[in-house]
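J.: Sequences and hints are given; from them, build the entire structure.
The lines below spell out each chain.
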Amino acid sequence: MTEMFSTLFGQNEAQGPPGSSSLGFGPGKPPPPLPQNQVSMTGQMPPQLGDEGPALRKPGAMNEPFYLLRELPVGNELTGNTNLITHYNLEHAYNKFCGKKVKEKLSNFLPELPGMIDCPGTQEGSSLRSLIDKPPVCGNSFNPLTGALLTGFRLHTGPLPEQYRLMHIQPPKKKSKHKHKHHRPQDPLPQETPSDTDPKKKKKKRDDDPDRKKKKKDKKKKKNRHSPDHPGLAGSQPNSNSLR
Amino acid sequence: MAEKFDNLEEHLEKFIENIRQLGIIVSDFQPSSQAGLNQKLNFMISGLQDIEKCRQQLHEINVPLEVFEYIDQGRNPQLYTKECLERALARNEQVKGKIDTMTKFKSLLISELGKVFPEEMVKYKAIHGEDAPS
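Note that the protein sequences, when read in sequence, are chains A and B.
Okay, so the first sequence: first residue is 1 according to my numbering, each after it adds one.
Okay, so the second sequence: first residue is 1 according to my numbering, each after it adds one.
Any given hint might turn out to be false.
No more than 30 Å apart at the CA atoms, straight line, and that leaves these computed lysine-lysine pairs for DSSO-like [unchecked claim]: (1) A/Lys101 / B/Lys4; (2) B/Lys14 / A/Lys105; (3) B/Lys53 / A/Lys134; (4) B/Lys104 / B/Lys123; (5) B/Lys104 / B/Lys115; (6) A/Lys96 / B/Lys98; (7) B/Lys14 / A/Lys103; (8) B/Lys98 / B/Lys123; (9) B/Lys96 / A/Lys100; (10) B/Lys4 / A/Lys100; (11) A/Lys96 / B/Lys82; (12) B/Lys125 / B/Lys115.
Honestly, the hints are just simulated from the structure, not real lab data.
T.: Now the structure itself:
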């Protein structure tokens, strides 16, 4: 066993460094003995080119039973041991994209863009890749068209042939919940309506409105006749509270 | 940084809207719409000038080529971001697993070597200090 250890760590003083090929992963036979003067040079050898490992220990720090001992990696080095998403503050992005299902189609990403954008760009020759493969001629400045140049854009009257009407064809949009969502912020709702169930309740209230108004009017008339106080506000408060 | 993108986005939206209106005029062209068409054409040119100006502000922005492939295939480019993040996390976990395993292996090896070669391991620990069996 001691022989094995000396093979691994080079216990024998006479044994010099066997070269880069036997860094503990060689065929297992002990390295050939080298002359004494070569042993003294082991620590002075510059690190070999292409050796990506950490530097060998300095000759002073070199301990006798061991050679080819390397410096341990620095502890504070950024490695895969740390959660790199947290390290680079990407949790928000991770939760945003991986927490929920991202819709597959391009039209979901660019809903305002007109035309059929979900079709592969390579089919109609409008791919971004083709912009890289065949970059457009740049360098010329854009100048507005003068009267003479605009004569080239005089068009024939009448509708376009069928095959060129792609511009107006929109992908069929599902009547989804998004529509409701879009409407909500636009509606000038009062600030005191935080819950989602409010619109329903409001509807009910609106539906009952004519009857209620009549009853209220009658009550008001009666009360105004009989009492000097104005109970209208007090009567309306529970209703507003019930909405909340 | 965000202002640059907002600026470009605004110009692009204006440009697209102008092109859309141009398409509507052209799709059923009437002689009376010639003036409007000419105006839209010049709007298009000024729109291109505006976008050209934005180019100078966005020189240092790098876009991965894979994103273009997603867009060319009619796919949502956010899927690229999602897959990138998932891949990064998976690789991160793999590497962490390897590091943990190697750390365990190292401490086990050192403890076992200490049993068989106690003297040598004392010397070894003297060189590497307390961090040796970590």
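J.: Find the hints from earlier in the document that the structure breaks and name them by number, from lowest to highest.
T.: none
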